[in-house]
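Peer 1: Protein chains in written order, with our numbering: chain A, 132 to 559; chain B, 88 to 424.
Simulated from the structure, these hints should not be mistaken for lab results.
Do not take every clue at face value.
[Unchecked claim] Just the calculated beta-carbon pair ranges, DEER-fashion:
#1 B/286 to A/414: 52 to 62 Å
#2 A/332 to B/344: 53 to 63 Å
#3 A/480 to B/222: 43 to 53 Å
#4 A/480 to B/168: 31 to 41 Å
#5 B/154 to A/438: 27 to 37 Å
#6 A/414 to B/128: 38 to 48 Å
#7 B/154 to A/480: 24 to 34 Å
#8 A/528 to B/143: 51 to 61 Å
#9 A/332 to B/416: 38 to 48 Å
#10 B/158 to A/484: 35 to 45 Å
#11 B/158 to A/393: 48 to 58 Å
#12 A/393 to B/182: 49 to 59 Å
Just so you know, these numbers come straight off a predicted model, no measurement behind them.
Every residue gets a Cβ at the ideal spot worked out from N, C-alpha and C, and that includes glycine.
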Amino acid sequence: MPLFFKSPDVHDAGDTQHRALAADAHMPARAAVTVFSVLTAFAALWVCGALTASAYAQTPQLKWGDPVECLADNDNQPVRVQCKHDPDLGGAVCLVASNRVMGSQIEPSRTWGCSSYGDEGAYQRLIDQGFRMIPALVEAPPGWGRDARGRTFQVTFDLLQRLYVGASWQPTFDISGREQVLGRSNLEVGGIGSWYDSFEQKRHEVRFLEGSLRMSDLEARGMLMSYDMTVRRDVPLMWITTFIGEPTRYDGMLDLGWGMRLLSFVVGPRRYIDVRDVEWGELHINAPLWKSHDLYNQVRLELGGNLGTTWDDRLALDPSSYIGATAALRARFTLGQSGLHFLTIDAEGVLPYFAQGVFEKRSTYRMTSTIAYEVIPIAIVDQPLSLRVAASADYREDLSSGDGIWETTLWLGGRFSLWAPPLERTFE
Amino acid sequence: VVALWSLWSLCTLCIAYAQTASAQGDDPTLGDLTPSAPSEPPTYQHDPHGHPYRVRFDLGSRALIGAAVAFTTTGDAGVVITPELQAGLHFRSFTEDGEGEERSSWRIDNRLIDVAWLWPVHRPGGMPSMSATVYRGQYLRHSAPYLIIPSSPPARIFFPFDVGVDLTAGQVWAPASTQTLNRGPEIPLLRLTTLAAYVVLDPWRSGRAGDSFEMGFGMRYDIDIEGDNLRAFDSPDIIHRIAPFTSTSLRLHLEDLPGLTALDLRAELTPHWSSENEDWRLSSSSTLHLERTLIAINDQPVALTLDASYRHHPSTDRVPTADEWRATLGLALLLGY
Numbered sequence: 132m133p134l135f136f137k138s139p140d141v142h143d144a145g146d147t148q149h150r151a152l153a154a155d156a157h158m159p160a161r162a163a164v165t166v167f168s169v170l171t172a173f174a175a176l177w178v179c180g181a182l183t184a185s186a187y188a189q190t191p192q193l194k195w196g197d198p199v200e201c202l203a204d205n206d207n208q209p210v211r212v213q214c215k216h217d218p219d220l221g222g223a224v225c226l227v228a229s230n231r232v233m234g235s236q237i238e239p240s241r242t243w244g245c246s247s248y249g250d251e252g253a254y255q256r257l258i259d260q261g262f263r264m265i266p267a268l269v270e271a272p273p274g275w276g277r278d279a280r281g282r283t284f285q286v287t288f289d290l291l292q293r294l295y296v297g298a299s300w301q302p303t304f305d306i307s308g309r310e311q312v313l314g315r316s317n318l319e320v321g322g323i324g325s326w327y328d329s330f331e332q333k334r335h336e337v338r339f340l341e342g343s344l345r346m347s348d349l350e351a352r353g354m355l356m357s358y359d360m361t362v363r364r365d366v367p368l369m370w371i372t373t374f375i376g377e378p379t380r381y382d383g384m385l386d387l388g389w390g391m392r393l394l395s396f397v398v399g400p401r402r403y404i405d406v407r408d409v410e411w412g413e414l415h416i417n418a419p420l421w422k423s424h425d426l427y428n429q430v431r432l433e434l435g436g437n438l439g440t441t442w443d444d445r446l447a448l449d450p451s452s453y454i455g456a457t458a459a460l461r462a463r464f465t466l467g468q469s470g471l472h473f474l475t476i477d478a479e480g481v482l483p484y485f486a487q488g489v490f491e492k493r494s495t496y497r498m499t500s501t502i503a504y505e506v507i508p509i510a511i512v513d514q515p516l517s518l519r520v521a522a523s524a525d526y527r528e529d530l531s532s533g534d535g536i537w538e539t540t541l542w543l544g545g546r547f548s549l550w551a552p553p554l555e556r557t558f559e
Numbered sequence: 088v089v090a091l092w093s094l095w096s097l098c099t100l101c102i103a104y105a106q107t108a109s110a111q112g113d114d115p116t117l118g119d120l121t122p123s124a125p126s127e128p129p130t131y132q133h134d135p136h137g138h139p140y141r142v143r144f145d146l147g148s149r150a151l152i153g154a155a156v157a158f159t160t161t162g163d164a165g166v167v168i169t170p171e172l173q174a175g176l177h178f179r180s181f182t183e184d185g186e187g188e189e190r191s192s193w194r195i196d197n198r199l200i201d202v203a204w205l206w207p208v209h210r211p212g213g214m215p216s217m218s219a220t221v222y223r224g225q226y227l228r229h230s231a232p233y234l235i236i237p238s239s240p241p242a243r244i245f246f247p248f249d250v251g252v253d254l255t256a257g258q259v260w261a262p263a264s265t266q267t268l269n270r271g272p273e274i275p276l277l278r279l280t281t282l283a284a285y286v287v288l289d290p291w292r293s294g295r296a297g298d299s300f301e302m303g304f305g306m307r308y309d310i311d312i313e314g315d316n317l318r319a320f321d322s323p324d325i326i327h328r329i330a331p332f333t334s335t336s337l338r339l340h341l342e343d344l345p346g347l348t349a350l351d352l353r354a355e356l357t358p359h360w361s362s363e364n365e366d367w368r369l370s371s372s373s374t375l376h377l378e379r380t381l382i383a384i385n386d387q388p389v390a391l392t393l394d395a396s397y398r399h400h401p402s403t404d405r406v407p408t409a410d411e412w413r414a415t416l417g418l419a420l421l422l423g424y
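Just chain A, same shape as in the assembly (with noise of 0.2 Å):
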């Protein structure tokens, strides 16, 4: 049962809602006791591990791609060994790094391979030719870092490709301010998947098996599975010529996508434990607003239908079946080029008119819009542990009382990624 806090012209009767409201008082206490034990065990650990980093940060590093030669140093320890005529580090320099893990015999992982071999006496050779030798880490490859045992760990992570297990406090508040839920929290799942066509120009995303339950309310969100095309166009979609005097073309730069919904509910919403909605399918175009060049950073506008089926239980126990129009703003930013910072926006509204059932012949309106940022602070095995803060306002017309309700929702909680990839963007 969720916890209400009610304003003081509101009403209640009877002793044991009273009781109710008096044990559940030290509720928001605690949850804001467990909020700040995480964020500082999150603040801590990610200040230990700027400090480990900093130690190491200035050594060099062998660099990924050039050519490495692999050979025995004067003490007959296998290293890896770039030399070049580098200025900065004073003219002809080698740079050496051991090609075993430090305390180990195995061979670090993630190189980029031996481009030769030199045979015994080569180390004493290049000293002989003047070069400095430099001790260095060995090369890592593009998202990975090395640290001075020499073993590599993912840096920059791609959170459009993941799938994520989260869990937030979800506090939530009636727009006109009588009404606060303080005692809510969130459980989700869900995958990712997105790859950019740098031929076609075309950004695939899919998104697959997501549901979050709200406790303890028990509403319960699912999709099955979503898809979306964008695309960028080097020649415009549509041109017009006017002959109207001198033909004249004028260019519509939209660059046109498309996008579907499978199988999406939501079960009993909260205040209307009753209801359930389910979204067969919905089909939508879509035109960036804007885009960068890999189409990863983007804002959108999707137009397009939907058909579903709502049951409402206070009413009756047949389903009510509508075709609806939907409209999405969506917007996604990764700030930087380590993918360790996103920023989402979604914006969505929809338009269902009810063509069968007790419903028909009537119209409401749903729309939902949200904002979050979400930050990786640590990464476990090279998964990604994300803190995640997100608002959300939504507004849904009850149709049996045709009062229409707005909520605010905040999302205060993590997400651990599992298989994200690291982020390789194209720029131009």
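Once you've looked at the hints, dock chain B against the given chain A.
Peer 2: Just chain B now, with coordinates in the frame of chain A:
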């Protein structure tokens, strides 16, 4: 007849104007054997960004989809205003052969499933009014203005006409109003043109694919099908109308060089034998079609169309003489290349 002579005068004026504007040094006697090569505009232009856009079109080859508002009157029945649809597949070929005085060219305009107009809403007599043709082909041969008589030796005589054939097969016309005699209820009526073939002579001899002035005479075989008032075509009255080379026609067709503007005027006068009372009757029709491309979307032109027509349909035992006047204004999407 007055209408035909008026049309003839208009055509003559148009021809004189067109010759003055476009001949530019051509021998008025021999005509020009090549499609006015001098000032042919380019097919594409480029905008400041280098993007090409089409500025010249082939008005004879396209798929046409159009919508218009039609104003129709059949004498004292008042004016009916209704939306109408137009559609058609048009394909033009222009071939040349030979050199010098032996050079000849064929212009062939083919029209398939050509729905000149269709009223989807207003359905007098229970069926939609329409004028549609399964196939129409207009063939015109252009060559040096001589005929060769295969005598010995062959004789060449002056013949200042291009020669062609205007062929129509499978045309359906369902009039806008089919009021029966004494203002009785409307009945379903169809005129089915099984075949109409005209030999046409073109004294203009423009040699261009788009310009011609054709005088024709030929034969027609039309079948009128008058339906039953209550049960449509269950027991129709069928009237055969045959014109054994007694039908005459005039046609003026003009197109500008970029293919943006087209004008087509056509008139027919058809004395024919009717099977109803086994006597001779007279039917006539005239049409005007003017189109102007205003814009092109992705190089597919959208044209403003103006159509006007008059049709005289002789009376039958059940249906009085019908004089149908129509005027339409619409937009047409011309899909082609």
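Peer 1: Quick check: which numbered hints come out false for this structure?
Peer 2: 2
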